[in-house]
Amino acid sequence: DVKVTQSSRYLVKRTGEKVFLECVQDMDHENMFWYRQDPGLGLRLIYFSYDVKMKEKGDIPEGYSVSREKKERFSLILESASTNQTSMYLCASSVTRSNQPQHFGDGTRLSIL
Amino acid sequence: DAKTTQPPSMDCAEGRAANLPCNHSTISGNEYVYWYRQIHSQGPQYIIHGLKNNETNEMASLIITEDRKSSTLILPHATLRDTAVYYCIVRLYSGGYQKVTFGIGTKLQVIP
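Note that the protein sequences, when read in sequence, are chains P and H.
Residues in the first sequence are numbered consecutively from 247, following the working numbering.
Residues in the second sequence are numbered consecutively from 437, following the working numbering.
It cannot be assumed that every hint is accurate.
[Claimed, not checked] Under the rule of at most 25 angstroms between Cα atoms (straight-line distance), these lysine-lysine pairs were calculated in the DSS-like manner:
(1) H:LYS535 / P:LYS316
(2) H:LYS535 / P:LYS299
(3) H:LYS535 / P:LYS249
(4) P:LYS249 / P:LYS301
(5) P:LYS301 / H:LYS535
(6) H:LYS535 / P:LYS317
(7) H:LYS439 / H:LYS488
(8) P:LYS301 / P:LYS264
(9) H:LYS505 / H:LYS488
(10) P:LYS303 / H:LYS535
What the hints contain is simulated information worked out from the structure, not anything from laboratory work.
Every value quoted in this text rests on a predicted model; they were computed, and no experiment measured them.
Looking at chain P on its own, in the form it has when it is part of the complex (with noise of 0.2 angstroms):
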């Protein structure tokens, strides 16, 4: 089975900290993102990634930046903490084959106060 894993699950930081997030994928997938998802917004992706050390700016990327320096782990990173980046984070992976699906981490629920 494909474990997409994410570092924590909840997660309480202060406004202007700098927040990693990191995500390790086990099946050795090409594409990896990082979504949010919020009430009534749904999912919005914020960063993908297709290969190592490529990243490609999703919908809503402000304030937010990417790594992935190994295949199996892309960090998504927030520079400076504002309350309104108070979400659930969900990162995601997948194969470049055309119809194979994408595989999501449990999430982690970020409170910035």
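Here the structure of chain P is known, so what remains is to put chain H in place on it, guided by the hints.
Coordinates of chain H only, in the frame set by chain P:
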């Protein structure tokens, strides 16, 4: 991606089959139907997908009508742990960029 329509909520008795419908009347010939579910406070879980033939795996069955304008996800023997929001999505492969967008989904309540 084609738009999908699902009922907002459904109930199912424990042990009975849960049949969750999805309409996708604007689906194009090379778009796949995918089903995910999301249990409260967890990440979305992939269930099954198909193009035009019926599909079955250890979790569920997917029945796609011959005209492909609708489909049904079947959980053969629903348990309390199947209580979740179920999302039907239709997607066309678009290279490496495969953003997933969920609609409102169907909130399935399995009743003891």
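Going through the hints against the structure:
Proximity of LYS535 of chain H to LYS316 of chain P is assessed by CA-CA distance (about 22 angstroms); at most 25 angstroms being required, the pair is judged to hold. At most 25 angstroms may separate the alpha-carbon atoms for a hinted pair to count; LYS535 of chain H and LYS299 of chain P meet this at roughly 19 angstroms. Between LYS535 of chain H and LYS249 of chain P, the direct Cα distance comes to roughly 19 angstroms. Compliance with the 25 angstroms bound is thereby established for this hinted pair. A C-alpha spacing of about 21 angstroms is found between LYS249 of chain P and LYS301 of chain P, which places the hinted pair at or below 25 angstroms, so the restraint holds.
For the proposed pair LYS301 of chain P and LYS535 of chain H, the alpha carbon gap of about 14 angstroms is at most 25 angstroms, so the pair holds. For a cut-off of 25 angstroms, the pair hint linking LYS535 of chain H to LYS317 of chain P stands: about 19 angstroms separates their Cα positions. The straight-line distance between the Cα atoms of LYS439 of chain H and LYS488 of chain H is roughly 17 angstroms, inside the 25 angstroms bound, and the hint therefore holds. Restraint check for LYS301 of chain P and LYS264 of chain P: satisfied, since their Cα atoms lie roughly 20 angstroms apart, inside the 25 angstroms limit.
For the given pair, LYS505 of chain H sits about 10 angstroms from LYS488 of chain H by alpha-carbon distance, which is consistent with the 25 angstroms threshold. Taking the CA atoms of LYS303 of chain P and LYS535 of chain H, the gap is about 11 angstroms. The hint holds against a cut of 25 angstroms.
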